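A.B. asks: Turn these sequences into a full structure, and let the hints guide you.
All residue numbers for the sequence shown refer to full-length UniProt numbering, where the first residue is 1 and numbers rise by one.
Derived by calculation from the structure, the hints in this document are not laboratory data.
Hints may be right or wrong, so weigh each one.
No farther apart than 27 Å at their CA atoms in a straight line, the calculated lysine-lysine pairs in the DSS-like style are these [as the list claims (entries may be wrong)]:
(1) Lys178 to Lys148
(2) Lys244 to Lys212
(3) Lys348 to Lys310
(4) Lys13 to Lys433
(5) Lys126 to Lys178
(6) Lys54 to Lys33
(7) Lys126 to Lys115
(8) Lys188 to Lys148
(9) Lys106 to Lys148
(10) Lys347 to Lys370
(11) Lys283 to Lys224
(12) Lys3 to Lys13
(13) Lys370 to Lys433
Predicted, not measured: the structure shown is a model, and the values here were computed from it.
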Amino acid sequence: MAKVFFGQIIHTKSLNDFEIFTSGFIAVDQNGKIVGVGNEFVYDEWLTQHTNFKGATVERLSNDQFLMPGFVDCHIHAPQVAQIGLGLDMPLLDWLNTYTFPLEAKYADQKFAQKTYAKVVENTIKAGTTLASYFGTNHKESTLILAKEALRQGQRALIGKVCSNQNSPEFYVETTDKSIASTEEFVKDIQKLETDLVKPTITPRFALSCTKELMAKLGEIAHKNDLHIQSHISENLSEIDFVKSLYNTSYAEAYDNAGLLTPKTVMAHAVHLDDEEITLFGKRGTSVAHCPASNNMLSSGLCDVLRLIKNGIKVGLGTDVSGGNSMSIQDAILRALDVSHHLEFVKKQEIKGSGRLEVQDQAYQPLNYKQAIFLATLGGAEALALSNITGNFAIGKYFDALIVDTSNYPLHNYNASNDNKSPDLILLEMIQKFIYVGDDRNILRVFVAGNQIKN
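C.D. replies: If you want it as structure tokens, here you go:
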């Protein structure tokens, strides 16, 4: 049924174009697509051109609520939720061998997968994630369970069966033939679901765990079926050295030689890309999932996302659970802001004994909260090559949205006084409160394609 929402509305049109309506409307048709958006005072005029909406259901938000686009998680390991919070004092490769590989091997048990994945999807939706790019495991059937669970709960998702045929534990490694065959079968199984919500994504774990032969074949499968691709790149310095020793190329070239850098590819981390690799990403249209929590916790480094963006690279945010310790993209927003400020500090060097600061890059400006919201919504959709259908409230896109309620704890304003404040300022302060101190308790309802998937 067609529906019209009235109230405070926010979304982004680009990194530096943040649009708010203090008294706005969004009209959603019976297919869940946005057909009208703007200030409420133009609604009557809009209605004369859309007479079929005269009988639409109307919902008016309270003064404590606002509508915003749903969050996009560009990089999350669904099976690793079971170990969230463990081993985060270890470097990447030690963490993988101690915790991650043994856990992921357990997903050979489909009952275990079903129980875990139902909770994973439920909790990411609770945190406001309307679109997620999920890594599964090497197990085709268990990863298919994840896809079906996302579909059952109404979440938009890219789902990848992980591929790895080398440099992995004996108990958790595939043969090349099995990895290729199960990937092709998985793609067909997802296509049989006949849904626009859930799509397959080709997923080499990372260049270390795949031979050149496997990487090249995965590139062929992606090209043949016009598929999304996801993997990791340049997360950790020792990992980068290992890849170079295996491939005798840069990390980016290892993927590119296999045909895996495309406009539908998103690479997680990219902490240490060199200038030539960034240029290559730009030529291929490949995107980056910025994962600030895990980059910090696993001591990988500080990713300068503004450097990437200034070089034309699309960037979204990822929780990278369980390298990251939170399933919330709202938390990733805060971590991204932290990292950006830390980089600002790094670019200033104290001159010993003088107490003065030598500014190495006077032009550097850290991310602000509006830009971080872009990365968490439209930027993420762009990074996943899905911004044609989601990411903001542009006409023609699906209504993937959150209703945020700032009257709920912990955002209740105990010293509420909006006297002499403009409506714009009141709304911007509500947004800041939610971003900096809110949590999933303030996400009242979640919509995907016009359907409410969280009460």
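A.B. asks: Verify the proposed pairing of Lys348 with Lys310, using a straight-line Cα cut of 27 Å.
C.D. replies: holds, 20 Å
A.B. asks: Are Lys283 and Lys224 close enough, with their CA atoms no more than 27 Å apart?
C.D. replies: holds, 21 Å
A.B. asks: Against the 27 Å threshold, does the CA-CA distance of Lys178 and Lys148 hold or violate the hint?
C.D. replies: holds, 22 Å
A.B. asks: For the pair supplied as a hint, Lys54 and Lys33, is the alpha-carbon distance within the 27 Å limit?
C.D. replies: holds, 17 Å
A.B. asks: Does Lys3 pair with Lys13 here, judged by a C-alpha cut-off of 27 Å?
C.D. replies: holds, 23 Å
A.B. asks: Keeping to a limit of 27 Å between CA atoms, is the pair of Lys106 and Lys148 held or broken?
C.D. replies: holds, 19 Å
A.B. asks: Mind checking the alpha carbons of Lys347 and Lys370 for me, to see if they're no more than 27 Å apart?
C.D. replies: Between Lys347 and Lys370 the Cα gap is close to 23 Å, so the pair holds against 27 Å.
A.B. asks: For the pair supplied as a hint, Lys244 and Lys212, confirm whether the alpha-carbon distance does not exceed 27 Å.
C.D. replies: holds, 13 Å
A.B. asks: Hey, Lys126 versus Lys178, does the alpha-carbon distance stay inside 27 Å?
C.D. replies: Not OK: Lys126 and Lys178 at ~36 Å, beyond 27 Å, violated.
A.B. asks: Under the criterion that the straight-line Cα-Cα distance not exceed 27 Å, is the pair Lys370, Lys433 satisfied?
C.D. replies: holds, 13 Å
A.B. asks: For Lys13 and Lys433, compute the direct alpha-carbon distance and say whether it is at most 27 Å.
C.D. replies: With a Cα-Cα distance of about 22 Å, the restraint between Lys13 and Lys433 holds, given a limit of 27 Å.
A.B. asks: Check whether the Cα positions of Lys126 and Lys115 lie no farther apart than 27 Å.
C.D. replies: holds, 17 Å
In this structure, only the earlier hint numbered 5 is contradicted, and the remaining ones agree with it.
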